[in-house]
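Input sequences plus hints: build the corresponding full structure.
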Amino acid sequence: MRHDVDLAEFTERFTRLLKISGLPLAHERASMFINALVTTEPAFINELYWCARVTLISSKDEVEIFDRVFSSIFIDAGREMPIEISDVSTPLHRDARSSNSVEAGIGANNPLNSVGTESLTSGISEQDSNDEFDSQNELNVPMVANDREVLRHRNFAELDDAQTKEMELLLGPAAVRFIARRSARDKTSRRASNRLDVRSSLRSASRSGGDLIDLRYKTPKLKQRSIVVLIDISGSMEAYVNPYLNFVHLLAKRCSIEVFTFATRLSRVTRELHSATVERAIGEVASLKLDWLSGTTIASSFEQFLNDYGRRGVVRGAVVLVFSDGWESGDPSFLGEQMRRLSLLAHKIIWANPRVANPGFIPSTGGMKAVLPYCDKLISGHSMAALEDIIREL
Amino acid sequence: MSEFESLFPDVESVRLALSKVGYLSDLGLATALFCAVRMGLPLLLEGEPGVGKTEAGKALSQILDTQLVRLQCYEGINSSEAVYEWNYSRQLLSIRLAEHKGSNLVEQDLFSEEFLIERPILKVIRHRGPRPAVLLIDEVDRSDDEFEAFLLELLGEGTVTVPELGTFKGEYPPIVILTSNRTRDLHDALKRRCMYHWIDYPSTAQAVEILRIRVKSASIPLITQVARSVNKIRGINHLQKLPGIAEAINWVNALHLLEIAEITDVRVPSTLGFLLKYREDQEIVASEWEKVIGN
Ligand SMILES: Nc1ncnc2c1ncn2[C@@H]1O[C@H](COP(=O)(O)OP(=O)(O)OP(=O)(O)O)[C@@H](O)[C@H]1O
Ligand SMILES: [Mg+2]
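These protein sequence lines are chains A and B, in that order.
Its first residue numbered 1, the first sequence is counted upward by one per residue in our numbering.
Its first residue numbered 1, the second sequence is counted upward by one per residue in our numbering.
Keep in mind the hints are simulated off the structure, nothing from the lab.
Just so you know, even glycine gets a beta-carbon here, dropped at the ideal spot from N, CA and C.
Keep in mind that a hint or two might mislead.
Think about it this way: if two alpha-carbon atoms lie no more than 30 Å apart in a straight line, the pair counts; the simulated DSS-like pairs of lysine-lysine are [as the list claims (entries may be wrong)]:
| hint | chain 1 | residue 1 | chain 2 | residue 2 |
| --- | --- | --- | --- | --- |
| 1 | A | 60 | B | 216 |
| 2 | B | 58 | B | 101 |
| 3 | A | 377 | B | 169 |
| 4 | B | 277 | A | 348 |
| 5 | B | 241 | A | 60 |
| 6 | B | 58 | B | 291 |
| 7 | A | 60 | B | 58 |
Anything over 12 Å on all C-beta distances counts as not near chain B; from chain A, calculated [what the hints assert, rightly or not]:
| hint | residue |
| --- | --- |
| 8 | 28 |
| 9 | 39 |
| 10 | 340 |
Simulated DEER-style distance windows between Cβ atoms [what the hints assert, rightly or not]:
| hint | chain 1 | residue 1 | chain 2 | residue 2 | range |
| --- | --- | --- | --- | --- | --- |
| 11 | B | 266 | A | 61 | 26 to 34 Å |
| 12 | A | 26 | B | 96 | 21 to 29 Å |
| 13 | A | 26 | B | 9 | 23 to 31 Å |
What follows is the structure, encoded as C-alpha cells:
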C-alpha cells in the first residue's frame, strides 16, 4: 500500500514534534503509543487523545505541552485531520447545542471536549465551571439534553413520524461508535489520510519487520458479518414498522445487509432499502404493495425464506435480525421447525419483540415459545435506546 | 491475555464494568486501565490525595475477577518486605538439626525454595492463575530510590531475580498499577517503563454520581449541593490541602447523619472539619461561606 510509509512516518513526526516542543519523550514511548492505537482502535479524536496521552507523557507537568502539540495537529488543522472524526458526530453536536446541554456547556473552550457522544464523563476532565446538569442521569448515559433522553426511551408506538426520522440523532453512543467504525472502514480505500490507514500501515509496517516497533499485535479483525433482517409487517406490528424501516435503512448505509418483510408471505426489499433517503426507501417499500397489516403466518414466510434464499448462502454465517411480536396464526411447532433450520445456518439470531418491554411480559404466545429456544438474544427494540441493544450485538 | 480480550473488547466496556462495581471513571482513566490490562504494561496513576487512585487499582481487580496484591510503600521499604525473604529461623533450625544428627548441610540446601518466604511481588509473579493478578504498588513516592531500582526489573521485564535461586518469570505476569501523590519526583527509569495517567478532581457532575454511589442514603439535592460547594472550595486560594472525593464522602455522610438537608443550614460551617483537615483551611472557607453556597 502506498500510504503505508506516509502514515508510519506520521507517528514518527508526531512524536518528534512533541520532542522538539520540549517533551522528554523516552524512546519506548513511541512503541507504546502504537501498541495502544492498535489495541484501542480510537474512533474519535478524544479517544485518540487519551490513547496518546496515556502512552506519551510521564508526568502531569507534560500535559500542557502535549495538549498544545496535539491540538495543533489534530484540531487546529481542521479538515486536514489525519484521524478522522466521523461525520455522524455532527448531528449530535447540533442536537447538543440547541438543547443547552451539559455537553455544550462543559469545556466549551476545549475542542477535545466537544466531540460527539462521550459527554461529560469522558473528554478531558476539566474543573467544572458549569453546573447545569441533571443529577438524575446515569453517569454511563451520555448527559445530553433531557428531552433527547426522554425520546430515546419512548416507545415507538408513541412517537410520530417526524420523531422517528430523527432516529440517527437519537441513537446513543453504541450506535455512533458502530456507525463511525463502519463508515471509517468503508472509506479506507477512498481517502488518503484517514484513521484506518494509520492503523493498517502500522500493521503492515510490523509485518514487513519494520524496526520502528516491537509489539504484540492483534490478530487481524474478522470480516464484518453480514446482516439479514426480517421485518414483521402484520397488523399487530403497525406502530413499529416505520421506525424499524428507518433503523434498517440506517444499517443499510453501513453494512452488507439483506432485508425482507413478511406477514402472510415473504418479500425481499433489500434494493428498496438502499435508496438514498429514508423517505424514498419507505416509499419504495410501501409501493411494493406488500401484505401490509394483514394476519401473520411467520412459519410459512420463514419456510419460503429458507427455501428461496437459505440455500443460496444469504444466511450462512450472518447475523439474523427478526423484528416481530411472534403472533403466529399457524401451527407453533411448524414455526419451531423453521427456526431450527434457520439457526443451523445463521451465526446468531436476534429477535426483537416490542412487547417484551411491556411490564410483566412472558413469552406466552405459542409463536414466541416456539421461537425462543433458537434465539441467541431476545430484546425489546421498542425504543431508540432499546435498538442500541441490537447494535451492540452486531 | 485472550480472556481479557473477549471480556473487555473496548475502552467503554472497561468503563461500564468499573461503574458496575461502584467506581466511576472517565474516558481518560478507562483508556489507561484498558491499556494496562490489554497491553500488559505497568500504569502509573498520579493525582492529589483522595481522587481515587488506590480505589482504581482495587476496582480493576474486581472487574477482572482476579486477586489483588497490594504493596503499600513507605519510607525505608526494602526488598525483603516487598519481594522475598529467607526464613532465617527455619534455616537456623535446620542447621541445628543437621548438627544434631551429625549430617552435613551445604549452603545450597539452606537457600532453596523450602526456606523462601514470598512477599507481595514474588507472590504475584508466581501467581498460578487462572488470570493474572493485579499488583497495586501504592504510594510508590513514599519509598526511596533504592527501592525504585528494585522495581525496575519487575516493571521492565516482568521478572524477579533471587540471586540464590535465579530469575522468576511467571506464567501469569501481573497487571501492575502504581500510584503516587507526587510528594517527590520518581526516577526517570521507572517512569519510562510505565504508562501514565493523572487523575484530576472530578467535575461537579461526576462528583454527584460518585457520591450517589458511595452514600446511597443521602438525598440527591444534598449531594448535588455538596458536590458543587466542594468544587468551589477547591477554587479558593491559600488552602493547604484541597478536599478529595474521600473527604467529600465523609462530609456528606456527616451531614446526612446530622439530618442536615440543605447546605444553607446554619450548622453546616461547623461540620467543615469533615471536609478539611486543617483548622486554618476551615477558617478560610468559613470566611468565604457565602460564596461557597451561593450561586
Ligand atoms: N471514581 C470514583 N468512584 C467511586 N468512588 C471513588 C472514586 N474515586 C474515589 N472514590 C472514593 O474515594 C475514596 C478515596 O479514594 P482513594 O483512597 O482511592 O484515593 P487515593 O487517590 O488513593 O488517595 P491517597 O492519595 O490519599 O491514597 C475511596 O474509598 C472511594 O470510596
Ligand atoms: Mg491511595
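Please work out if residue 277 (chain B) and residue 348 (chain A) have their alpha carbons no farther apart than 30 Å.
It is violated: about 58 Å lies between the C-alpha atoms, which goes past 30 Å.
What's the verdict on residue 241 (chain B) and residue 60 (chain A), does the C-alpha distance respect the 30 Å limit or exceed it?
The given pair, whose Cα atoms are some 18 Å apart, holds under the 30 Å limit.
For the pair supplied as a hint, residue 60 (chain A) and residue 216 (chain B), confirm whether the alpha-carbon distance does not exceed 30 Å.
violated (33 Å)
Just checking, residue 28 (chain A) versus chain B, shortest CB gap more than 12 Å?
violated (6 Å)
Is it true that the C-beta distance of residue 26 (chain A) to residue 9 (chain B) lies inside 23 to 31 Å, as the hint says?
Because 29 Å falls inside the window, the suggested range holds.
When you check the alpha-carbon spacing of residue 58 (chain B) and residue 101 (chain B), does it fall within 30 Å?
violated (50 Å)
Mind verifying the non-interface call on residue 340 (chain A)? Its CB should be farther than 12 Å from each CB in chain B.
Answer for residue 340 (chain A): holds, closest chain B Cβ roughly 28 Å.
Compute the least Cβ-Cβ separation between residue 39 (chain A) and chain B, then decide whether it is above 12 Å.
Given that some Cβ of chain B is not farther than 12 Å from that of residue 39 (chain A), nearest at about 5 Å, it is violated.
Is it true that the C-beta distance of residue 26 (chain A) to residue 96 (chain B) lies inside 21 to 29 Å, as the hint says?
Hint violated: Cβ distance 52 Å, outside 21 to 29 Å.
For residue 377 (chain A) and residue 169 (chain B), compute the direct alpha-carbon distance and say whether it is at most 30 Å.
violated (42 Å)
Residue 60 (chain A) paired with residue 58 (chain B) [C-alpha distance capped at 30 Å]:
holds (23 Å)
Given the hinted pair residue 58 (chain B) and residue 291 (chain B), is their alpha-carbon gap at most 30 Å?
violated (37 Å)
Hints 1, 2, 3, 4, 6, 8, 9, 11 and 12, counting from the list given before, are not met by this structure.
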